[in-house]
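Peer 1: Protein chains in written order, with my numbering: chain F, 1 to 207; chain W, 1 to 104; chain H, 1 to 1027.
I should point out that these hints are in silico values taken from the structure, not numbers from a laboratory. Some clues are possibly wrong.
In the SDA-like style, the derived pairs of lysine to any residue whose C-alpha atoms are separated by at most 20 Å in a straight line are [as the list claims (entries may be wrong)]:
| no. | chain 1 | residue 1 | chain 2 | residue 2 |
| --- | --- | --- | --- | --- |
| 1 | F | K165 | H | A612 |
| 2 | F | K165 | H | K916 |
| 3 | H | K916 | H | A904 |
| 4 | H | K271 | F | K108 |
| 5 | H | K796 | F | A34 |
| 6 | H | K760 | W | P32 |
| 7 | F | K108 | H | K760 |
| 8 | H | K760 | W | K51 |
| 9 | W | K51 | W | P32 |
| 10 | H | K908 | H | H615 |
| 11 | H | K916 | W | F45 |
| 12 | F | K165 | W | Y20 |
| 13 | F | K165 | H | A904 |
| 14 | H | K760 | W | E15 |
| 15 | F | K165 | W | P32 |
| 16 | H | K760 | W | A75 |
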Amino acid sequence: MSNLELNLSQFSPVMQTPLQHFNLSAKQEKMTDAKGVWAHEMALLGYIHLRGNAQNKDFLTAVKKATGVDLPTAACSISVASAITMLNLSPDEWMLICPREQRAGLQKKLEAALTGIHSQVLDSSGGYTSVWLQGKQATDALQHCTVYNLHALTPNKVVGTTFGKASVIIYRLDNGFCLVLRRSFADYIWRYLARAAAPYGLGIAAL
Amino acid sequence: MFVINCPHCQEAREEEEFHYEGEAFIARPANPEAETDDAWGDYLFMKKNPKGWHWEMWNHATGCRKILVAKRNTANHAIAGSWTLSEARKVYDKEQYDAEQATK
Amino acid sequence: MNSNNRIKHQHSRVDLTKPLNFSFNGKSYIGYQGDTLASALLANGVKVMARSFKYGRPRGIVGAWAEEPNCLVQIDVGAKTTPDLKATQVELYEGLVAGRTSGWPSLAFDLKSIGGHFSRFMPAGFYYKTFKWPAQFWPLYEHIIRRAAGYGSSPIEADVETYDHKHHHTDVLVVGGGATGLLAALLAGRSGASVILLDDQSELGGYLLSSPNTTIGGKSAIEWRDNVITELQSLPNVQMLTRTTAFGLHDMNMIQAVELLQDHLPHNQRKPAQRRERLHRIRASKVVLATGAFERPLVFGHNDVPGVMTVSAIATYFNRYGVACGQHALILTSNDGAYQAVADLAAGGLQVTLADVRTEINPAWDARFKQLGIDVYLGFGISEVFGKTTVTGARLSKLNPTNAMQEMLAQGVKLRVINQIDVACDIVASSGGLSPTVHLFCHDGGRPTWSDESLAFVVSANSRANAGIYCVGAVTGVFGLQAGLEKAVETTNEMLNSLGKNSTASKLNLTTNEIARSPAQAIYRIPTNKKAFVDFQNDVAVTDIELAVRENFKSIEHIKRYTALGFGTDQGKLSNVNGFAISAEFLGKTIPQVGTTTYRPAYTPVSFGALAGAHVNDTFEPRRYTAMQPSHEKYEAEFETVGNWMRPWYFPKTSENMHSEDMHAAVNRECLAARNSVAMLDASTLGKIDIQGRDVREFLNRVYSNAWSQLAPGKCRYGLMLNEAGMVMDDGVTACITDTHFLMTTTTGGAANVLNWLEKWHQTEWPELEVYMTSVTDHWATAALVGPKSREVLAKLCNDIDLSPINLSPDAFKFMDWRDGTVAGVPARIFRISFSGELAYEINVDASYGNYVWEELMQAGASFDITPYGTETMHVLRAEKGFIIVGQETDGSVTPLDLDMAWAVSLKKPFSFIGKRSLARSDTVRTDRKQLVGLLTEDPTIVLKEGAQIINSSNILPPVPMFGHVTSSYYSAFLGRSIALALVTDGLKRRDDPANNTIYAWAEGKAVKATIVSPVFVDAEGARHNV
């Protein structure tokens, strides 16, 4: 199936993000200090799930060969390189996030390099979206949503934790947080986040 | 509302992130067909349910989805430790062995 | 109104330049910024604010904060109304509307007060004894008793306020912002630790705010407090929360606290985006409890007349709020703690009479009292207060001066009144010592201990240090300020040391001007033949406790429940210790022998709104949506929740005259479209698990009851999953993608459980099997295209031969095959499987394209009148075919054999699959178990009730043996009659026995005759899907 491509000659396929109905792009504005929390959907990225044995040198070598980057093997670590962000989700599970148009190529390279090595490479692009969060009260807003100790979420760290009554993957970069949400929960998580951020002022950031 | 250290994520996390998975180290009989109905029934249904220290499994449900073992006191929720399945087995076996030696 | 009790002095925290209008019971008053409702009412001379719970006696304010038992008020009106707030804790704001909660029919005339005249008829246990019989009348009694009881009214409109939760993790949490709490927070803050300091009042400072003549380090206590707060504010690692009540301490130092964010503001200053209350959940490495103490009153005759208060309360009203509760105060004490207040009141111009139960007085205080012109009676108690709706005077009686009361009682000596003096006064205040606020310490199993020195139940400063709990100040029984500060430094240093932090305490000057304290006397009640109340809120008098003991209640927990001591919204903050002591007296035991009742969360009442937080309205529960939601909304689906998913239930059509179909009409139409033409179901919610690795087949053989060794790539198979007890737990179709790659589907509701279940077996029992499994439920959007015309519709969108040559012909793409291709230009994986019995294709695409592909399919099917359908039609179609729904036909007690699905159980597989052994247990091999059958009613128009009991006769005179129940029941438009599925005892045999195949299904008072038949009602031979 990974060798199938879109047929754009006869059809005009349209992608939709799970946050489509909030029409966020129309609400974008320049970030100012007037609002404490700024959010921005990073819509329609490519997501690849990778499973494998981090103790297996062949596995690590193959992944590096395919991506050019060392797989982050330390618990809760991430690596960011060129266009790929790799999240360590568990001792044998990673999520690779890349621009949508690079997903198929990256997946093919991974599958090729990992031939014969016990692993799993999966396109999960339809199943996730990402929401970027920054601002001087972004941490406060998230404290309303998750039980995780956000002060322990240092830059370049990723955790899976609770979000309201659902769950979410959160990673931190120097200037903000990125929430990786499952598609079906995206409506709930956005509503929950928007509600939590309301007392501080929530803006949709034009990045 | 307690805190469990996840040996996989190598971090103390809130109980809300975990899902209880029952008593640890109940081994599945190697040859179920050779078990009597009574013995099989014990395997299925008889749990220790102590007041006090209990070896139990937890699934880090919102985190790494891995199962871990915690030794928890059911009377006061104190947790003596938490380990990966294989590490826990070693600690548990030693505890059993020490207890046996002590009664001799 | 004339604020006749307002006095001006420099220490007052009330701003007399900012008057505020408010109303109480419909009357208008003026208070000032900084007032509580209680202080403002007292300033206005309002004395009677409530009627008592049982006797309807007039009651006034006793305390100054959360200990207040009497003055419960209803604040605000309509949707914003809040019942049963304590007037002492309500901050005044412009336009505040308050009302009484008690006094029925009115505050001035309470019907129950008639009861008061006959109060000997309403002792402890009165309700239990009087209203117990006849039992059927209790609801009537209860209604009237509750109305008379005097609690407020719940709002009947939806709450318009919002609430939220906030999670914190901190090194140090200090609960209580009084002198020692401020000190502990300062030391912790200076050490660099992260610190949260919280206090339930509007301002930090605690009793320092009520004791302005105290000095610390040579400065006034207020100035010391201001300096500490200024420094704390400058520390970025310190967070201070006021109006925040810690109400529960749970495992591993999880403290829950409620912050009131807007209740103190006038309505026009409240921000709509701001919350009314915030629930803070704070995980702290170390907790410092600086929760202080409440002063407990002494118990004496008619001690409930409005105007009888605690000494700390009148001192607080006087010093902090600038309110003199009267002109002539009679103060009774058993300890030196009340002396500063006595001096403050006299210096402030009140006429003060002091009675001390002790016979000696510290000469330093004696000199000061003489200088202030205070009459002092040593060795006296109050035997009786005069007045009905307000204090007019009191009788002082000399107590036996020879011994402490406890010792005498132990010797069986009756206390003897020697002398009496009547004193005219308009206010009486008493102090029986302090009761430490030990509640939080005890919530997770800590116990207080009785201290004979402090005459209180106290907690240790560091006995729970290994749990990270430290205590400072009055809660530890150290009641003097000087000693409290010194001990707090010691304890805080120990706490910081355990955190690996350094203390800077040596730089502090903590010398106070406190006069050394003489020992207090152990006394809890003054002998009297008048009614003397222990618990005001529940009208528990000394005689009630005496009666309870006489009726043989021995445990304090039982005495509490029999008398109602310590119940209610104040939870006995004033009354408990007196109650324990007086119980001890009647039981002939010591107080520690009697012990305390159990302290449980919540410390003070918490609103439902705060507990719910964000879990209301559209964030109440996660609602999961599929990618096709925009289309479902466009076609005006009605939705139902399945698990957390919002699934289209049915799609009512609206006719030209705007008449909308009901569910039955819509479902009949949708069913016929699927059977006769083409229809489409959103099946995206089914769980999907991608499983890869060398050992996938073996893994599937172990977790499914049927066999997977032979399934070829390109093929699908129905799989049945059992739990280890042999009971059906899930089912779904699983496809072989390659020899090492399978795609499993699960039920919608079971998806998460099944993945956990598989992971658990893999991780705990079979880690040697090389498989990885990952959920792809959210990645794939699935459209089930169903009906005889489905092939023609799909063909229109699979015509891009160059890219994906899917051959849809019956020979090339058979039933139970899957194929990759493109649909409407989008890469797709198509399963030719059917949950309806019709020719059907389940089309899976990347969910980003889900709505697009759905709409393309709708367009392609337009010429066949393609009909979207929901879960209700799905249920009817599958029931017509006798397909089970796990959780509907099964309930955790049903084996595959009970479902007549032996074909899905492979007993030949070498590994003993999960549940196999249990299928051979004596109970599961019985042939007369409840088994799945079909039912046809005698009257084809009657649709049985799901859940109806199966009985053998229409005679429903008990006892009626029951033989199972109806699991599914629908009207089948295709068959033109009703159908049902049922689990029936010995059903398989009865189905084939015409002499024994009649049953009655009983529900809602009716028994409906039906015949047991095969559960497959449509196309038993499978001709419809094999085309």
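Peer 1: Hint by hint, which ones does the structure fall short of?
Peer 2: The structure conflicts with hints 2, 4, 5, 7, 8, 9, 10, 13, 15 and 16, although it agrees with all the remaining ones.
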